[in-house]
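A.B. asks: Residue numbers (numbering that gives the first Met the number 0), protein chains in the order written: chain A, 0 to 182; chain B, 0 to 182.
Careful, some of the hints might be misleading.
Here are the simulated SDA-like cross-link-like pairs (lysine to any residue), alpha carbons at most 25 Å apart as the crow flies [to be verified]:
hint	chain 1	residue 1	chain 2	residue 2
1	A	K83	A	S147
2	B	K92	B	D127
3	A	K92	A	P10
4	A	K70	B	N161
5	A	K76	B	I182
6	B	K119	A	D113
7	A	K76	B	Y160
8	A	K120	B	K70
9	A	K15	B	N72
10	A	K70	B	I18
11	B	K76	A	N13
12	A	K120	A	R149
13	B	K15	A	P67
14	A	K15	B	A22
15	B	K76	A	N161
16	A	K120	B	L177
17	A	K141	B	D74
18	A	K15	B	E77
19	B	K119	A	N155
20	A	K119	B	E122
21	B	K126	A	R181
22	A	K76	B	K92
23	A	K119	B	P159
24	A	K119	B	D113
25	B	K107	A	G39
26	A	K107	B	E77
27	A	K119	B	P153
28	B	K57	A	H162
29	A	K119	B	W180
30	A	K83	B	N161
31	B	K107	B	M145
32	A	K70	B	R14
33	B	K119	A	R181
34	A	K107	B	D127
35	B	K107	A	E77
36	A	K126	A	V85
37	B	K76	A	P153
38	B	K70	A	A22
These aren't lab readings, by the way, just hints derived from the structure by calculation.
Owing to the predicted nature of the structure, the values given are computational and were not obtained by experimental measurement.
2 protein chains.
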Amino acid sequence: MTINLALIHYPVLNRKGEIITSAVTNLDIHDIARACRTYGVDNYFIVTPSQDQQNLVKELIQHWLHGPGGKTNPDRKEALQLVKVVDSLEEIKAKLRPSAIYATTASKTDGCLDWMELRKKIEIGEKDNILLLFGTASGLAKSVIMESNRALCPINGPTPYNHLSVRSAVAIGLDRLLGNWRI
Amino acid sequence: MTINLALIHYPVLNRKGEIITSAVTNLDIHDIARACRTYGVDNYFIVTPSQDQQNLVKELIQHWLHGPGGKTNPDRKEALQLVKVVDSLEEIKAKLRPSAIYATTASKTDGCLDWMELRKKIEIGEKDNILLLFGTASGLAKSVIMESNRALCPINGPTPYNHLSVRSAVAIGLDRLLGNWRI
Chain A
0 MTINLALIHY PVLNRKGEII TSAVTNLDIH DIARACRTYG VDNYFIVTPS
50 QDQQNLVKEL IQHWLHGPGG KTNPDRKEAL QLVKVVDSLE EIKAKLRPSA
100 IYATTASKTD GCLDWMELRK KIEIGEKDNI LLLFGTASGL AKSVIMESNR
150 ALCPINGPTP YNHLSVRSAV AIGLDRLLGN WRI
Chain B
0 MTINLALIHY PVLNRKGEII TSAVTNLDIH DIARACRTYG VDNYFIVTPS
50 QDQQNLVKEL IQHWLHGPGG KTNPDRKEAL QLVKVVDSLE EIKAKLRPSA
100 IYATTASKTD GCLDWMELRK KIEIGEKDNI LLLFGTASGL AKSVIMESNR
150 ALCPINGPTP YNHLSVRSAV AIGLDRLLGN WRI
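Input sequences plus hints: build the corresponding full structure.
C.D. replies: Here it is, written out as structure tokens:
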């Protein structure tokens with residue numbers, strides 16, 4: 000089984016609900032790569048159609064994988080090895096042929112999949128090639144959610160406030176699915 | 000019951016295990032405030048003895064609470080209202096008189112408390128004024144762990160890699176204790 004994660008920068012929504020291409024955030028690359036490495040994720044795809052943004056990410060990764068960064072901080076190098084820069088979700092689908100794609104969203108969607116249900120599916124090895132989608136800015140465009148097999152239910156605490164950073168949402172999601180805790 | 004969280008910048012360890020004062024990171028303020036607001040944390044203390052650093056944090060919060068930031072992004076304002084800047088753990092203890100202090104660490108400590116045990120204690124209301132301590136840089140100095148009642152067990156996935164960012168560790172920890180999931 001492989002677990003894969005994609006951080007989508009297009010198509011995503013802005014605060015007004017319009018479709019935009021968001022800019023790649025440096026700490027999204029680092030924090031999410033470290034979380035992916037911790038939880039045994041196989042590939043961390045950074046999805047943006049912007050060639051400028053792709054080049055920036057590649058340059059940064061180069062610094063950590065082959066430049067001075069990795070020498071002083073080998074843990075970071077190990078995490079950033081998981082990063083792959085791609086143009087689109089279509090490119091990932093063509094390369095990876097995932098058996099199931101799960102979108103994440105902060106708003107309640109009908110028939111959403113409970114994270115613990117997916118944890119159980121992973122534990123019994125029911126799915127063999129999972130792709131998890133996370134949106135930057137104000138979240139994934141509806142078209143991306145439609146392209147997935149299911150949307151996972153929103154991550155919430157005991158309050159109605161649902162404005163976690165995507166870095167936090169990824170960390171929590173991976174721990175819900177793959178963390179070393181037991182009830 | 001209140002749940003409180005402190006992000007410690009002194010005394011913490013550097014990569015060599017020496018005691019240092021770390022610099023405050025902008026995204027630690029934002030991401031952790033948003034996670035605290037999501038999970039109903041009552042106070043988010045940023046602990047640093049550096050007056051310069053304290054002033055920087057206060058200036059940033061001012062921008063979001065009373066300046067232009069909060070007008071364009073009221074959700075962020077709501078989260079940053081939880082932030083309090085303090086000199087030391089001692090100051091928090093004197094003000095808050097917590098009934099239990101829990102330290103977090105990435106390395107296994109003897110007799111560590113399982114996160115799910117603490118979740119159960121919170122659910123039944125056994126503890127009424129909890130303070131959770133998280134360390135920046137390479138983690139809390141041993142003296143801080145000694146000052147707490149218990150250390151929580153390390154957050155791990157299925158791999159031995161344990162280099163999450165503190166932002167990720169906080170998000171995961173709060174979800175383990177207070178998340179809207181059920182087995």
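A.B. asks: Under the constraints set out in the numbered hints, which ones does this structure not fulfil?
C.D. replies: 5, 8, 14, 22 and 34
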